[in-house]
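Student: Here is how the chains run, residue by residue.
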Amino acid sequence: MEEIIWNLLSFIIFPGLLFVCIYSLFLEWLDRKVYARVQNRVGPLITGSKGILQPFADFIKLLSKEDIKPECADRWGFLFSPLTALTVAMMTVFFVPIVGYQGLISLPVDLLIVVFISTLFNILVILAGYFSVSRFSTIGAVRAGLQFVAYEIPFVLSIICAGVLAKSLSIAEIVYAQNNIYHMPFVVYLFPAFIIYLVSSLAKLERVPFDIPEAETELAAGWQVEYSGRKLALFKLAADIKALFVSGLGAALFLGGPIGPAIAGLEPLCYLFWFIVKTLFIVALIGFFRGLFARFRIDQAVNLFWKTVLPASLIVFIYTSVLIYFIL
Amino acid sequence: MSNDIPEDEILIPLGPQHPALKEPINFMIRAEGEIVVDAQPRIGYVHRGIERLAMERTYLKTAYLVERVCGICSAAHQGTYCMTVEELLDMEIPPRGEYIRTLVWELERLHSHSLWLGVAGHEIGFDTLFMYTWRDRELVMDILEMLSGNRVNYGMNKIGGVRYDVTDEMKNKILKAMDLLEKRFKDYKKKLSEEPTVLGRLVNVGILKKSTAIKLSAVGPTLRASGVKADIRKDDPYGIYDEIPFEVISYDSCDLAARVFVRIDEFFESIKMIRWILNNLPDGPVYKRAPIRIPQGEAICRNEAPRGELMYYIKSDGKSNHPERVKIRTPTLANILSIGEMLKGSYLADVPIIVAGIDPCISCMDRVMVVHEDTGKAEIWTDEKFRDYSRKWYKKNLKWVVEERWKK
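Top line first, the protein sequences correspond to chains A and B.
Residues in the first sequence are numbered consecutively from 4, following our numbering.
Residues in the second sequence are numbered consecutively from 738, following our numbering.
By construction, these hints were calculated from the structure, which means they are not laboratory data.
Wrong hints could be hidden among the right ones.
[Unchecked claim] Mimicking DSS-like on lysine-lysine, the simulated pairs with C-alpha atoms at most 27 Å apart in a straight line are:
1) B:947 <-> B:1081
2) A:239 <-> B:759
3) A:68 <-> B:759
4) B:1009 <-> B:895
5) A:310 <-> B:928
Work out the full structure, taking the sequences as your base and the hints as a guide.
Tutor: Listed below in structure tokens is the structure:
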């Protein structure tokens, strides 16, 4: 009985729902702050100390806003796509190790499962644009689909490289291998794979230069143009959680996961500290990239992924295989 | 434009409200997938009746009214208006006044071009450029505030000269700011010409060929980016432009990249001109009293505003103290036709940057003119006539309008 309550608490409070929501909103603040500093601005400043509560305030404000549904939109699809998107995003984070070697859910081949679930999110994005039956959102959804086909393969290949090096498809074992077998984070061996992972996660998170599906100046907000109020709030939260997932998975696969030097007896706390440090690093890197580029056109982005990033990731994959069979 | 289009094409209304447009204008874009097949501009959403108002005010008051035609090139409008009235009076203004007037025009060009560069950056999703150029634009705005007391509508010119003088202290401050601006924009030019994501969005986009540009009577930087060396300051010098050494910038790649670099290079030319003006500023008064009564006649003046050729036509009847007719032709009206041409065959994603590429100022452009379909006669409607017409129309069509609204 006690165990069930303990498990329930860990799912709902820490490191489950509540922690994930709060921490992902904090990551949004950091991203906005870094982006603003790159552009010589100050970023959020008023709400809370240094504007740290701004994402929370935005979220709560959106929740209280009027919820408008277009008349010809698909009723159930329009209602369920934000809910499902949030659920799916939350599901993916449960696989990310936060306070130990494994996440809340850990299975023998969870790397594949996590890739599968995170792919679902993008299909939901396409459906969300399709269900809202607006010209802008339809074009946004088409672009989201095109871009998705382009970046998903390099994304998965870069993840698999880490799996190959650890000779396992379980996230827990990959983290274990980095700390106990190689004694080195995989970014040292797989630096090109890490770069490919970052580039394709920029596209996955729809950030500049790959914010094509929601290109503000062309399509208003792309696939999410018809969503307002609570539904938009859920989508925004889901996007933030996705950023947490991408940075958490990147930390687990390439930066040694949440494991680091720890004080005896206080391991979970120290591991949480290392988790936060590593995810902050990745999010800051992504925020920094955002400030450096102009937006690609959809054909340019697709060209870039198919002609440059995909061959590069194949080469990195072959290099990893060679590394594992002949050298290590 | 009719709504019957082939099945594989969709009709996308761009505007009158759209995030890409800072001002209301409507483009009916027919797209096949991501490719634009045809685009029709529709203007007239922000008609403000300034020409009509000008006819009811004295010459002096109109100078401050025409300044409100455009918030960005306000000094160009006011200066051209004053120039036209001075032409009617056949008077020469003191040289120092002429120099300061030109100084404000060139400062305004700096501020307009840096504003445009930022907007262009924003349209291609490069917000960092937007933030940086708008930060530097503040330097120019501060100078203009120091000179005239205002940041936007400076109220610098009046008939017979300018209202404020430039002191030595101001001169030093301006020269210092010019050094900083030149350094920063050289840096931006270098970065822009090397950054692949930016060049990918600009090179070979929105092509306007030289012959088409001339045929559609494009003006200003849009025309010069199509390889035509046309500049009113050189072709038909007014004021002191025949004394100032400067070059007309033109690029012949005819695309958006050319439009960007023409403006950046003009920025440097303007900085050079400002330095020359400040170093050669003659002594004397800045203003000569002009007679209130304007003799009968009509006059046209042209000015190279930041966006292109600006034309003023004023007719005076010689009896009253307000103009009989003021006609303004802003550069955007001359350029709006070429947008339709540039859009054809481009990607949907390039529409915002192509529209922004001519530096459109929609509210400057809108004038009302009613053309009778059967007789082909054009006439200008007054406020009252317009009001009468709308009253009658609604009386006749009220039932239909209400029904339509209910249907929606």
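Student: Mind listing which of the numbered hints don't hold for this structure, in increasing order?
Tutor: The structure breaks none of the hints.
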